[in-house]
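Protein sequence lines, in the order shown, are assigned to chains A and B. Numbered according to full-length UniProt numbering, the first sequence terminates at residue 795, and the numbering increases by one at each position without gaps. Numbered according to full-length UniProt numbering, the second sequence terminates at residue 361, and the numbering increases by one at each position without gaps.
In case anyone wonders, no lab produced these hints; they're calculated from the structure. Beta carbons: idealized from backbone N, C-alpha and C, even for Gly. Among the clues, some could well be false.
[Said to hold, decoys possible] Listed next, the stretches of chain A that the computed footprint assigns to chain B, with coverage defined by at least 3 CB atoms under 8 Å from CB atoms of chain B:
{"hint": "1", "stretch": "332 to 346"}
{"hint": "2", "stretch": "353 to 359"}
{"hint": "3", "stretch": "631 to 642"}
[Stated by the list, open to error] With a straight-line cut-off of 25 Å between C-alpha atoms, the simulated SDA-like cross-links for lysine to any residue are:
{"hint": "4", "chain 1": "B", "residue 1": "46", "chain 2": "A", "residue 2": "263"}
{"hint": "5", "chain 1": "A", "residue 1": "279", "chain 2": "B", "residue 2": "101"}
{"hint": "6", "chain 1": "A", "residue 1": "692", "chain 2": "A", "residue 2": "563"}
{"hint": "7", "chain 1": "A", "residue 1": "333", "chain 2": "B", "residue 2": "101"}
{"hint": "8", "chain 1": "B", "residue 1": "195", "chain 2": "A", "residue 2": "502"}
{"hint": "9", "chain 1": "A", "residue 1": "633", "chain 2": "B", "residue 2": "112"}
{"hint": "10", "chain 1": "A", "residue 1": "361", "chain 2": "B", "residue 2": "79"}
{"hint": "11", "chain 1": "A", "residue 1": "411", "chain 2": "B", "residue 2": "181"}
{"hint": "12", "chain 1": "A", "residue 1": "686", "chain 2": "B", "residue 2": "123"}
{"hint": "13", "chain 1": "A", "residue 1": "369", "chain 2": "B", "residue 2": "95"}
{"hint": "14", "chain 1": "A", "residue 1": "145", "chain 2": "A", "residue 2": "412"}
{"hint": "15", "chain 1": "A", "residue 1": "368", "chain 2": "B", "residue 2": "55"}
{"hint": "16", "chain 1": "B", "residue 1": "140", "chain 2": "A", "residue 2": "382"}
{"hint": "17", "chain 1": "A", "residue 1": "368", "chain 2": "B", "residue 2": "123"}
[Stated by the list, open to error] Okay, the calculated beta carbon distance ranges per label pair:
{"hint": "18", "chain 1": "B", "residue 1": "104", "chain 2": "A", "residue 2": "386", "range": "35 to 41 Å"}
{"hint": "19", "chain 1": "A", "residue 1": "368", "chain 2": "B", "residue 2": "73", "range": "16 to 22 Å"}
{"hint": "20", "chain 1": "B", "residue 1": "156", "chain 2": "A", "residue 2": "573", "range": "45 to 51 Å"}
{"hint": "21", "chain 1": "A", "residue 1": "648", "chain 2": "B", "residue 2": "159", "range": "41 to 47 Å"}
{"hint": "22", "chain 1": "A", "residue 1": "97", "chain 2": "B", "residue 2": "111", "range": "56 to 62 Å"}
{"hint": "23", "chain 1": "B", "residue 1": "142", "chain 2": "A", "residue 2": "288", "range": "50 to 56 Å"}
{"hint": "24", "chain 1": "B", "residue 1": "107", "chain 2": "A", "residue 2": "648", "range": "30 to 36 Å"}
{"hint": "25", "chain 1": "A", "residue 1": "127", "chain 2": "B", "residue 2": "159", "range": "58 to 64 Å"}
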Amino acid sequence: MKFNIEDLPILFPYPRIYPEQYAYMCDLKRTLDAGGHCVLEMPSGTGKTVSLLSLIVAYQQYYPEHRKLIYCSRTMSEIEKALAELKALMKYRADQLGYEEDFRGLGLTSRKNLCLHPSVKREKSGSIVDARCRSLTAGFVKEKKERGEDVDLCIYHDNLDLLEPHNLVPPGVFTLDGLLKYGEKHKQCPYFSARRMMPFCNVIIYSYHYLLDPKIAERVSKELSKDCIVVFDEAHNIDNVCIESLSIDLTEDSLRKATRGANNLERKITEMRSSDAEKLQNEYAKLVEGLRDADEAREEDTFMANPALPDDLLQEAVPGNIRRAEHFVAFLKRFVEYLKTRMKVLHVISETPPSFLQHLKDLTFIEKKPLRFCAERLTSLVRTLELTNIEDYQPLQEVATFATLAATYDKGFLLILEPYESDTATVPNPILHFTCLDAAIAIKPVFDRFSSVIITSGTISPLEMYPKMLGFTTVVQESYSMTLARRSFLPMIVTRGSDQSAISSGFQIRNDPGVVRNYGSLLLEFSKITPDGIVVFFPSYLYMELIISTWQGMGTLDEIWKYKLILVETPDAQETSLALETYRTACCNGRGAILLCVARGKVSEGIDFDHHYGRTVLCMGVPFQYTESRILKARLEFLRETYRIRENDFLSFDAMRHAAQCLGRVLRGKDDYGIMVLADRRFQKKRSQLPKWINQALLESDTSLSTDMAVASAKKFLRTMAQPFSERDQAGVSTWDIKDLERHKEQKEEEKIRELRNGIDGGQMDVDEHTNGANGADEYGADDDIDAAMMDMDA
Amino acid sequence: MSKPPARNGAPQRRPGEEDDICPVCKSSRYLNPNMRFLVNPECYHKMCESCVDRIFSQGPAPCPVAGCARTLRKQRFRRQTFEDLQIEREVDIRRRVAAIFNRRESEFQTLRDYNNYLEEVETLTFNLLYNIDVATTEEKLASYARQNAADIANNKIISAQESASTEAQIAAQKEQARLHREAARNEEDEERREKEEGRQEFINKIAASNEDPDKIAKVVLKKSTARRTAADKLRQQEAAKVDNASAPLFQIQGLKPVVRPEPQKAYDPFGDYSIKTQYYTLQTQYEHPWLENAKTDPKITAGGFDVGEYCARAMMEAFGGLGVFVEDEVARREEAAGADVGTTAAAMAAGDGKEVGGDVL
Ligand code: SF4
Ligand SMILES: [Zn+2]
Ligand SMILES: [Zn+2]
């Protein structure tokens, strides 16, 4: 399908388009034209990725700037899906245009997924793959080989050097799988092919971390130019990703390993002093001059890069007292030793970086400045010493990163020392959390560097929260509703059990046997009427276990067992994937199954339950975070102080985004249908925090149901869903072909013309209309408020 | 760093207490759970408290650890801060060095100089640490301390001030956070109470009148909104107050050291020009018979005549013109005239004038 948005011709690879897709594209174009950031919420299962790609590719090809697209997603499978989508789009474009455009699209993921080396790729852990690969590809290893020493190299990597550096793979789109195949055929490393081709790609698809984690971003995303278009898809959790990428936890064990690492370094330095002192001297000379290696950034085997350092610091020379390798190692040792003494304290400590630094200085005479250079100095040293078994130095690196971060940021970080694992533990097992409280720190370089950043997801309500938390301004901020030819999903809020007593997972009544029984009967009733799969989400593992064991005692499980198979998610990934497998089988063969999982677990984030895999989703309780955690408390306080977001607002926002995420799992397209049940009294008040498309489908009459009412309503819904429904019924309403689209555009035009005309010959009337409108809105708003007030009173 | 390291299985004992046996009396923590170890910065040999009491109570005694035999005093025994005694010792040495070498970055012309200085100091410290050239190093330390005593004292004061101000700042921040927290709590309470009140009012009104409950709700709501905005304003004001109160404290960080202006000299009408006699020195007393007279004769002194002045003048006149060589000046003048023909006449005239002046002298 081919159409224009303003002057931009767009090729859309499907014969039909959803109205919301069209609106989404228009807004995207608006953002790109304006050159700003935006937040867009698009209902899940309405083809967000394809609309995004087809608009941006059209934009790239049409305008002379050829702005690059960096598309970030969360998981491997999402990356692969997007790549496949892109590939199909490019094929369609070639068919339509009659020629192949000069276009490159590549995806990047970790070495573990892209390695071809026969022994390296068999390693289980990603960091070991990385480390082993480094030892096979590092520059000095190659030098040694040239000198005739007997060292192993990776042939796949070497072959790359034989190719033209800007044409390692032919133009076109490669999925990860395709790249692996191509690499196997031509005996070249897919990982390094993709990485080296990055500057030549029109579209890059990779994971968040390549942009957000400063240690990786520095290396991978450095050469991307300013006018790139950056997209964060599935970005409802982006603030947590940002925070995690800058937070460090240290344990006694890791400190011990760090000491060992420092001792190893010391030994290596002595060795090198006696065998090859020149190298150390060279490094020293370079540091004295304050020179950064011009080529070091481009080096692929860099041990690690600096965590988000301000530029002025990067220009400065390394302080004199850590210039010499020996001095630096002694410095590190002293620092680690200091941390060890801090760990011995037997009460909880939380302090800000400045006060930590002060204490550090008083005790060990370590100044702030050399600390800031710690990470960089360590990198340089590791490179000079030509170490290959880098994973041994991981803990030391962590300590160095910690040092650098603590000395760089006064605000937005907190040190929390927890000597005991839990409140009841008697044997101390301390952890030092260095936690980032401010999501804006990690993402700031991204917003600073790129002119258009697009943050989008299926559930990213309330929209204004994200700009606030991440510290940016938007030009467009939009949430789309879902156009449906029939009501294909049924959201409901169940507030009471069949005995009319309130149900809630609030901690005052969560253990109340009545509540647990009501939850049980709710599940039982739905398992009776729902075809195929049911997914149930609990706020936490703890609560889930409690409920399951109680149900076991009450015999509820035996009842349910008659209708559905019961499967449970566990923190263990392997077990969970087995459970999922079984669940799928049971759904396919008609036995039907229930999957009990946790709202913040793996299942809620990455796994889709489309069609018969999920006909009902039950949210048992509001998935609040565990508020007793000190880290969360610190973050809440920070949010209140810095961004004026109140604790309760944030907690409720966070709970609702997870709830919405859970609900969105079952509806993966317009031809899909499902029931969404929010089973907690407290959902009633939080209704407005649901994404617009869910909230719109939630009827006023369905916001406070008891179990039996909900069941009746669900029955009715399922009966309508059972009626035959042909594609033709959807046409023109929830899907447009080209004619519908033209009609819509004409209408829009007309409206605009009418508005303009009104504006010209009826200025007076216009004003009138406006005031009327305003009044109307006011009244409407007030009504809403009353609703809220009434609801409060009910509560 | 995104993945938290898993807690290793809880260690049985706290590290650092693994060797819980006193090396001197061999008693162990098992026998004496309250055992504490002390070290003496003289030799850093570790021993338990009771050993220290036993051996050193009677005054200084040699260290009981075999092969050490340094004389220790009880007074100087203390608990160790660091698990690693090597570090403990290092920190002690650093304390000493840092007290002497406390130059600040701002005192150096370039960053490079400062860095070189830092390295130098670090090398000295290392020498002390690893017992390389201890004697010469100590010598250097001492001589530096002697020569730069004033600077050292000065910098010490500055850094003390600095640390005091950072501490004050930290304290202020804490206080501010506490205030904020309190304010937030109050706000919440307020809101809850308001809601409660509003509800009460609503119920009362419904009970009292037969109006449409919706309308009443609207009125109540309006009221509470008004109250809320008022409260908001108040809160903002308060927040502003808090911010102002705690903002600057003493922020001297970024300032360059102030150069104090030199005290102004007394006014000098000759602009630094003074007549220095080259060929003679003026005496206060000159022996001359008729001068004696002038000194005492009231006829002369009453007019304000001063013998000293007279002598000075006479001497100047006597020596005036010495060292003035007319030929040289003429030659110089002619040179100048040759260079600039147009003004020859004027130069001549000027020269004449001068010559005349010379004659007069
Ligand atoms: S260069 Fe490529 S193929 Fe070779 S070990 Fe590294 S990742 Fe594997
Ligand atoms: Zn003893
Ligand atoms: Zn001794």
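Hints, one by one, checked against the model:
With 7 residues having a beta carbon nearer than 8 Å to a beta carbon of chain B, the stretch 332 to 346 of chain A meets the requirement of three or more and the stated coverage holds. For a cut-off of 8 Å, the count of residues in the stretch 353 to 359 of chain A with a CB near a CB of chain B stands at 3, and the three-residue condition holds. With a threshold of 8 Å between beta carbons, the proposed coverage of the stretch 631 to 642 of chain A by chain B holds, since 3 of its residues qualify and at least three are required. For a cut-off of 25 Å, the pair hint linking residue 46 of chain B to residue 263 of chain A stands: about 23 Å separates their Cα positions.
Distance check on the hinted pair: residue 279 of chain A and residue 101 of chain B sit about 31 Å apart at the alpha-carbon level, beyond 25 Å; violated. The hinted pair formed by residue 692 of chain A and residue 563 of chain A fails the criterion: a straight-line CA distance of about 34 Å is larger than 25 Å. Proposed proximity of residue 333 of chain A and residue 101 of chain B is supported: the alpha carbons are some 22 Å apart, at most 25 Å. Taking the CA atoms of residue 195 of chain B and residue 502 of chain A, the gap is about 22 Å. The hint holds against a cut of 25 Å.
As the CA atoms of residue 633 of chain A and residue 112 of chain B are separated by approximately 44 Å, the hinted pair breaks the 25 Å bound. Annotation: proposed proximity of residue 361 of chain A to residue 79 of chain B holds, straight-line Cα distance about 19 Å (limit 25 Å). Between the alpha carbons of residue 411 of chain A and residue 181 of chain B the distance comes to roughly 17 Å, so the proposed pair stays at or under 25 Å and holds. Distance hint between residue 686 of chain A and residue 123 of chain B is unfulfilled; the C-alpha atoms sit about 64 Å from each other, more than 25 Å.
Pair hint residue 369 of chain A plus residue 95 of chain B holds up; C-alpha atoms about 18 Å apart against a cutoff of 25 Å. Simply put, residue 145 of chain A and residue 412 of chain A have alpha-carbon atoms about 47 Å apart, too far for the 25 Å limit, and the pair is violated. A distance of roughly 42 Å separates the Cα atoms of residue 368 of chain A and residue 55 of chain B; the hinted pair therefore is violated under the 25 Å criterion. Simply put, residue 140 of chain B and residue 382 of chain A have alpha-carbon atoms about 34 Å apart, too far for the 25 Å limit, and the pair is violated.
This hinted pair checks out: residue 368 of chain A and residue 123 of chain B have alpha carbons roughly 19 Å apart, not beyond 25 Å. In this structure, residue 104 of chain B and residue 386 of chain A meet the distance hint of 35 to 41 Å, their C-beta atoms being roughly 38 Å apart. Between residue 368 of chain A and residue 73 of chain B the Cβ separation comes to about 36 Å, which falls outside the hinted range of 16 to 22 Å. Separated by about 58 Å at the C-beta atoms, residue 156 of chain B and residue 573 of chain A break the suggested range of 45 to 51 Å.
Judged by the Cβ atoms, the range 41 to 47 Å given for residue 648 of chain A and residue 159 of chain B holds: they are separated by roughly 45 Å. Separation of residue 97 of chain A from residue 111 of chain B is about 58 Å and conforms to the stated range, judged on CB atoms against 56 to 62 Å. A beta carbon spacing of about 29 Å between residue 142 of chain B and residue 288 of chain A contradicts the range 50 to 56 Å that was offered as a hint. About 53 Å separates the C-beta atoms of residue 107 of chain B and residue 648 of chain A, a value inconsistent with the hinted range of 30 to 36 Å.
Range check, residue 127 of chain A to residue 159 of chain B: Cβ separation about 42 Å, and the 58 to 64 Å hint is violated.
The structure does not agree with the numbered hints 5, 6, 9, 12, 14, 15, 16, 19, 20, 23, 24 and 25 stated previously, though it agrees with the rest.
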